[in-house]
Amino acid sequence: MRDIALTRARTAGFKLPQLPGVVWMLIAMIAAFSAWTPSFFSLANLTNVALQSSNLAMLALPMTLIVMSEGIDLSVGSTASLVGVMFALVTLGTGSVALGAISGVLTGLLVGLINGWLVAVHALPPFVVTLATLGIVQGASLLIAEGQVTNGLPPVAHWLYDGTVLGVSTPIVGAALTYVLFHRLLYHTRFGGYVFALGGNREALQVSGVGIRRWLIAAYAMGGTFAAFAGLILAARIDGGQPTAAASMEFDAIAAVVVGGTSFDKGKGGLPGTLLGVIAVGVLKNGLNLASVASATQVTMIGLFVILAVLVDGRRRA
Amino acid sequence: MSTTLKVAEMQLSPTAVTAVSRVMVVVLLGIGLTWASDGFFTPANLVSVLRQASLLFLLACGLTLVILAGGLDLSVGANLGLCACLAAAVIKGTGSPLCGALVGVSVGSAIGVVNGLLVTTLRLPAFIATYGMLWILHGLTYAFMAGETIHGFPPGFRYIGGGFLAGVPVPVIVTGLSLLAGTVLLQRTVFGQELYAIGANPVAAFLSGIPVKRRQITVYAVSGAMAGLASLVYLARMNAAEGDIGEPLLMPAIAAVLVGGTALSGGRGSLIGTMVGALLLTLVLNGMNLLGVNANWQPIITGAISLGSLLLERLGAPRRA
Amino acid sequence: MAELNARPAPKTPGSAETRKAPLLELSGITKRFSGVTALDGMSLSLWPGEVHVLMGENGAGKSTLMKVLCGAHEADDGKFFSNGAQVTLGSTGAARALGVSVIFQEFTLVPHLSVARNIFLGREPVVGPLRQLDHRKMHADARRLLDRLAVDLDTRLEVHSLSTAQQQLVEIAKALSVDARILVLDEPTAALSDRESERLFALIRELKARGVAMVYISHRMAEVFSIGDRVTVIRDGKHVATMLPGQTSPDQLVSLMVGRKVDTNYSRSYCHVPGPVVADVRQVVSRTGLRDVSLKVHRGEIVGLTGLVGSGRTELARAVFGADPIESGSIELFGEPAQGGPHQRRALGVALVPESRKTQGLALEHSVHANLMVSALGKHSAAGFLQLRRAARTVQDLIHRLSIATSTAGKAAGKLSGGNQQKIVIGKWLAAQARLYILDEPTRGIDVGAKEEVFRLVDKLVKQGASVLMISSELHEIVQVCDRAYVMREGRIAGHLGRDQLREQAILSLAMNHA
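Chains as they are written, first to last, in the numbering used here: chain A, 1 to 318; chain B, 319 to 639; chain C, 640 to 1154.
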């Protein structure tokens, strides 16, 4: 029985020694925050953490694939904001939430495709490309939203955040579906193996006659598309589109991926780890919030975590 | 043989052609803007353009050096922000611009050294190490400022940003000196040539006896110090320090470096190129302002210019083995 | 000596008689690379179920032949026949279609995927409209594949956790899963222990029984006679002989591999009275593979260092130059214990001309001037500032002295020919006034004229008091140029040959453990 569990765990893409890192950190944080702030360990608060984390999960899960392919996408935060703005404008303009949502998702997909095209076809470094598209998308959001009314979404739109599906909050359902989808993709399709190969040994793909570019573009396209979904939920939450709504969310997403154990090379990584990383980031921010720590200091701490996580990962490999 | 020929020999040959074409673009832009807008070719506007380009160059200068040596520093903007806020607080607190300046430059250098250590000794990939630093510094800056603004600096200090010296704006003089010092460093010193060698082929540089790690840490420190210096000039010009002072500066700095012809992979490029790049970018943004284009187009244009430069470089250099 | 191109004696009765034509036949295959002829009318025939050993020195053309077989390089001349019919082998796709699969020493495995997924990468069995992976079938198929090869590996293990030997088995299984009929094995036992080698041989015998043809490239003489059905010797890209092991001997094979006619008129006066010791390496062990290496270099000598690829020569060079750390043992240079890395070595006067000049010795985009000056910047500066005129003079002087063919010193180094590039790499150390030169394959890939110039230069250097440690795979070079030579094998010094004993045959015997 144990052997099967062991090998299942290995097949699932993360090794047991990895697990303690993030898990211990989580346990330590939960313990510390529960002791420090009594209001932490309550159902209401933990539900709140889950709710906040679900949006981040939608950014972090596709980011895992991108990082595994030796890339990175810094533009997902601003993409989510842009999608929120598009969603609000189209919904308010046409009166149709469906149209608004579709235009939002298509926008995200477009940004992702552009990123992918520049990285895969033109072999430009991912960090510079996505840094540039971050700025471009940010500017576009501000332009489009300027002087427009982007508040006051119809109640149907609110369902995206406030509603429930079978008694569970919509965002959490969304995150769960995202996880299931990416889990299926990474571990149960051919494409998943290609993602591992893109980071682990691209020659393996060449030798097997598999196209490298198209799958790289696909990874970035997914990043943009799911950033769009996150953007829709965010817009529902703040009742409108804000050009800076998701600014800096890409940083949290990257932190979650890195803390969860995914490396920037060698095609090592895993979705369970990222999920735990998302929860860890969520717990950290929530706990610090309750302890009245300024959000600026939170950012600093997350930055330190990122550097520590990459360090530890490097040491482990050495 | 004249010494200028020697300098040309030590620089990388094909950049001469592309450098000239970049200068031509700047000139053409200038001509175009003069024709398109009345407000362009006025003393006040030209001075403003020069000042702006100078500030941009100061920040991009250190970044250029790091990239030339094969590295990357995404934290320069945030570095500037933190140094500016710390220096501002010190100036207000002690009333001494000199103390503020010392604090600014030393903090900047210290951050640079940390970056250098992360990348060389701890072997973190440069982009993630400096990206993490970016956020750490942002966080520290915001936490330090706690939403407040520091303003109202002594006129002696403000002179650095807004004053004139022999008819030339002070920032331009500071920039000119930096450009001169930096170019001499790159072209005429052992250190500079070693930087180029490390950027072009770090393995060969190592096997040629160059102490690669030590040089890399130094160049990151220099980049940090330049960010500190730039922060002082910014402070003097804006006459105010806020938590987000550094945020929007990274993209223009990178754009200036890329447009100036410095290769991201290292070993190729120059400070003069970055200066031209800074001028070009500033002219474009200035032109947009004068023509009444919505300010929100600026980050879009900056990003597009960066991507365009990268694509041009990639398409024009397939000879790379 | 008997040269046969006959069919192998069938080991299992009734299998080979039915074959009429070889599975794959190469005839007159020629391949040139910018002036160097790597393969010259090479011929080879492969029959099903035979292990065809390919032997030759370093640089004889084995790796080019491998690349041609797998379709990575297209032959310039010659014909290929598959089962008697002519075919083209110009791409990896064509090679795959013909059933050729090469097992290189660097594996094409994805570290964090399971064994099964690696075997079927790109062809994983899928099921259902959503094309989901059929894990059960994939692992079952993988299991069956491995079982038939008598390999006992859990198919769910991630490849990075396997030993090199196990990874090799997975790589072979991967090749067989695409129905490879011809396997090319490049030094398969190089990284294996004896027991693992035995397991590999068992697998090879199993494959023979199934009719798979194998090209087995190896330097290990014992293997030729234990597992080979036929052996072909290649030399200078040409086919020298093909024989049955039973009809030849190790001595004969060695003599077939060497004995190239010397193509230069170069000669030098050898050093019989060496000066004091300049480099004293004692019992050095390193994580890069050196296992107890000791040697000495005296002033005024050219000491050769040779051995087969992978025997540790470059690693030793790097250790002496400080590029790699050593775990135990000592290195003394010019009487002082050596500290630090290349930076300190340069100051001491030690130089390294690396094996791969393009990737390790030069900044190809930079000018000839910059490359020549890179190790001598300090010597041409005052207070950190470069003395441009002095530097220019040194550069001009070097260009002249070394006859570097370039119109100006500002030309990019990447535009020069291989020979001139090598002169630049040597030149940069001349500029740095080095006293001990470690040269790693200095004449690789350069034309005859340039080779001779390099030799003359090296001779002049030692006559002026410098010392040289020269690594070369070209045995006649070692014999012609060096005062004496060390032969390495598997991380150790296998032997030392003084001037009088220095013969190609002797070197090769030591290198291959057939003394």
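Derived by calculation from the structure, the hints in this document are not laboratory data.
Yeah, the Cβ is synthetic: ideal placement off N, Cα and C, and Gly gets one too.
Misleading hints may appear alongside valid ones.
Claimed, not checked - Label-pair distances were calculated between CB atoms; the ranges are:
# : chain 1 : residue 1 : chain 2 : residue 2 : range
1 : A       : 308       : C       : 817       : 42 to 52 Å
2 : B       : 562       : A       : 148       : 19 to 29 Å
3 : C       : 1039      : B       : 341       : 29 to 39 Å
Here's how the hints hold up against the structure:
1. At about 44 Å, the beta-carbon gap between residue 308 of chain A and residue 817 of chain C stays in the expected band of 42 to 52 Å.
2. Checked against the hint of 19 to 29 Å, the pair residue 562 of chain B and residue 148 of chain A passes, with Cβ atoms roughly 24 Å apart.
3. At about 37 Å, the beta-carbon gap between residue 1039 of chain C and residue 341 of chain B stays in the expected band of 29 to 39 Å.
In the structure shown, no violation is registered for any of the earlier numbered hints.
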